[in-house]
Amino acid sequence: MADILEQTALLDRLTPKQREVLAYVSDGLTSKEIGRKLGVSESAVNQRIETIRQRLGGLPRAQIARLYRRQSTLLITIPSSNPITGKPIQLQAGDDRTQPYSAEGVVDLAVPEAGEGSGRLQPSTPPSIWNGPGAVWVRLGAIVGLALGMVAFGVLLLDLIDKLSRLLASNG
Amino acid sequence: MAAPDLSLALLGWHSPGLITLLLVLGLPLGWRNAGPPEKAGILILGSIALLDLAAWAVMGGALLAHTLIDSLALAWLVPLALKANRHYPALLAAGFLVAASAQWLALTGLATLPRATALIVESGHFVAALAFLLGWLRHRKWPPGTDQRPPWRDQLQRK
Numbered sequence: 005m006a007d008i009l010e011q012t013a014l015l016d017r018l019t020p021k022q023r024e025v026l027a028y029v030s031d032g033l034t035s036k037e038i039g040r041k042l043g044v045s046e047s048a049v050n051q052r053i054e055t056i057r058q059r060l061g062g063l064p065r066a067q068i069a070r071l072y073r074r075q076s077t078l079l080i081t082i083p084s085s086n087p088i089t090g091k092p093i094q095l096q097a098g099d100d101r102t103q104p105y106s107a108e109g110v111v112d113l114a115v116p117e118a119g120e121g122s123g124r125l126q127p128s129t130p131p132s133i134w135n136g137p138g139a140v141w142v143r144l145g146a147i148v149g150l151a152l153g154m155v156a157f158g159v160l161l162l163d164l165i166d167k168l169s170r171l172l173a174s175n176g
Numbered sequence: 002m003a004a005p006d007l008s009l010a011l012l013g014w015h016s017p018g019l020i021t022l023l024l025v026l027g028l029p030l031g032w033r034n035a036g037p038p039e040k041a042g043i044l045i046l047g048s049i050a051l052l053d054l055a056a057w058a059v060m061g062g063a064l065l066a067h068t069l070i071d072s073l074a075l076a077w078l079v080p081l082a083l084k085a086n087r088h089y090p091a092l093l094a095a096g097f098l099v100a101a102s103a104q105w106l107a108l109t110g111l112a113t114l115p116r117a118t119a120l121i122v123e124s125g126h127f128v129a130a131l132a133f134l135l136g137w138l139r140h141r142k143w144p145p146g147t148d149q150r151p152p153w154r155d156q157l158q159r160k
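Residue numbers (the numbering used here), protein chains in the order written: chain A, 5 to 176; chain D, 2 to 160.
I should point out that these hints are in silico values taken from the structure, not numbers from a laboratory.
Note that this is a predicted model, so its numbers are computed, not measured.
Careful: at least some of the hints might be erroneous.
[Said to hold, decoys possible] Rough simulated footprint, nothing fancy, chain A against chain D, three-plus residues with beta-carbon under 8 angstroms:
hint: 1; stretch: 41-52
hint: 2; stretch: 96-107
hint: 3; stretch: 119-132
[Stated by the list, open to error] Think about it this way: if two alpha-carbon atoms lie no more than 25 angstroms apart in a straight line, the pair counts; the simulated SDA-like pairs of lysine to any residue are:
hint: 4; chain 1: D; residue 1: K40; chain 2: A; residue 2: V142
hint: 5; chain 1: A; residue 1: K41; chain 2: D; residue 2: L135
hint: 6; chain 1: A; residue 1: K167; chain 2: D; residue 2: P115
hint: 7; chain 1: A; residue 1: K41; chain 2: D; residue 2: N34
hint: 8; chain 1: A; residue 1: K41; chain 2: A; residue 2: R59
[To be verified] Pair by pair, the computed Cβ-Cβ distance ranges are:
hint: 9; chain 1: A; residue 1: R65; chain 2: D; residue 2: L65; range: 50 to 60 angstroms
hint: 10; chain 1: D; residue 1: G61; chain 2: A; residue 2: P20; range: 25 to 35 angstroms
hint: 11; chain 1: A; residue 1: P20; chain 2: D; residue 2: P37; range: 33 to 43 angstroms
hint: 12; chain 1: A; residue 1: S47; chain 2: D; residue 2: A63; range: 47 to 57 angstroms
hint: 13; chain 1: A; residue 1: R23; chain 2: D; residue 2: P37; range: 18 to 28 angstroms
hint: 14; chain 1: A; residue 1: G43; chain 2: D; residue 2: M60; range: 27 to 37 angstroms
hint: 15; chain 1: D; residue 1: M60; chain 2: A; residue 2: R23; range: 29 to 39 angstroms
hint: 16; chain 1: A; residue 1: L171; chain 2: D; residue 2: L134; range: 49 to 59 angstroms
hint: 17; chain 1: D; residue 1: L131; chain 2: A; residue 2: L164; range: 52 to 62 angstroms
hint: 18; chain 1: D; residue 1: A58; chain 2: A; residue 2: N50; range: 48 to 58 angstroms
hint: 19; chain 1: A; residue 1: G61; chain 2: D; residue 2: A55; range: 51 to 61 angstroms
hint: 20; chain 1: D; residue 1: L30; chain 2: A; residue 2: T34; range: 36 to 46 angstroms
hint: 21; chain 1: D; residue 1: L131; chain 2: A; residue 2: Q51; range: 20 to 30 angstroms
Using N, Cα and C, we set each Cβ at its ideal position, and we do this for glycine too.
Given the sequences, and given the hints that come with them, work out the whole structure.
Quick look at the structure:
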């Protein structure tokens, strides 16, 4: 835990430009892709990454990317014991077990490791109704609902156009 | 005085003007800065526009050809809407659902008002094109670190 805090503090010492490069690295982009996004050459990006690596104690590229991701996903810290009563804090049975809890009591919204799946590092977000287990049905419902809404709107619009046409014809 | 023609058919997807505009402007401009779902959307809409152009060239405004093309577009867009970690593909698919349904109803003789059917079809296409354009504009270039969402939904569930 102390190591994480130490390394996170090191990240704060980076310049905004270095952090921008690091954000792209943590998104799994290659140096060539980062260079294209920033409008600089691939070698310039590699040079910046090398500087970042040196500032972070010579850590490899994948590790500095993981470090950056960890820093941006450390959301809530639960102490392992109550600071007033000293009693250990137990997690409730109804808690979301999809979120892993580390021994230190840190809730870490874990992300796929490098090389897993598509091989790209991806940040994670808590699953919502739009992305959760029943998301397929929610999304299908949204598509059908939107389509029905459009049809209803179309019918009303056609009715309005029809009435307007009749009105103009009768006036003429 | 004759009643003015208030048909919105001029906005139609099936008019070569809009198709050409999408092909000429949409693909080259959109591809470079687009995320994976946007690239999939560009590929689908580009293919549909090409097929539509071919249908226009070979069969003119044949309803069957355009109905099949719209149904094909719907079949491609629904999986995109289900997989992509975005909201706008749902609206895109809904637009094509309306257009394809109206054309099938016209083809089977259940929709008997040609102008009304044309209006609903073209409105569906217009909403779909607008949804894609707005979605692409929103997602084309996120500043680093501001978008914490992966492009595809499946990656969220892989834990």
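Here is how each hint holds up against the structure:
1. 41-52: Not satisfied, violated; 0 residues make the cut.
2. 96-107: holds (count 4)
3. 119-132: With 5 residues close enough to chain A, the hint holds.
4. D:K40 x A:V142: 24 angstroms, holds
5. A:K41 x D:L135: Since the Cα atoms of A:K41 and D:L135 sit roughly 21 angstroms apart, the hinted pair holds (cutoff 25 angstroms).
6. A:K167 x D:P115: 17 angstroms, holds
7. A:K41 x D:N34: 8 angstroms, holds
8. A:K41 x A:R59: 23 angstroms, holds
9. A:R65 x D:L65: 50 to 60 angstroms: Holds - the Cβ-Cβ distance for A:R65 and D:L65, about 55 angstroms, lies within 50 to 60 angstroms.
10. D:G61 x A:P20: 25 to 35 angstroms: With a Cβ separation near 58 angstroms, D:G61 and A:P20 fall outside 25 to 35 angstroms, so the hint is violated.
11. A:P20 x D:P37: 33 to 43 angstroms: 27 angstroms, violated
12. A:S47 x D:A63: 47 to 57 angstroms: 55 angstroms, holds
13. A:R23 x D:P37: 18 to 28 angstroms: At roughly 24 angstroms between Cβ atoms, D:P37 and A:R23 fall inside 18 to 28 angstroms, so the hint holds.
14. A:G43 x D:M60: 27 to 37 angstroms: 46 angstroms, violated
15. D:M60 x A:R23: 29 to 39 angstroms: 56 angstroms, violated
16. A:L171 x D:L134: 49 to 59 angstroms: The hint (49 to 59 angstroms, Cβ to Cβ) is violated, given that A:L171 and D:L134 are roughly 34 angstroms apart.
17. D:L131 x A:L164: 52 to 62 angstroms: Violated: the Cβ-Cβ distance is about 20 angstroms, outside 52 to 62 angstroms.
18. D:A58 x A:N50: 48 to 58 angstroms: For A:N50 against D:A58, whose Cβ atoms are near 49 angstroms apart, the range 48 to 58 angstroms holds.
19. A:G61 x D:A55: 51 to 61 angstroms: 60 angstroms, holds
20. D:L30 x A:T34: 36 to 46 angstroms: At roughly 23 angstroms between Cβ atoms, A:T34 and D:L30 fall outside 36 to 46 angstroms, so the hint is violated.
21. D:L131 x A:Q51: 20 to 30 angstroms: 43 angstroms, violated
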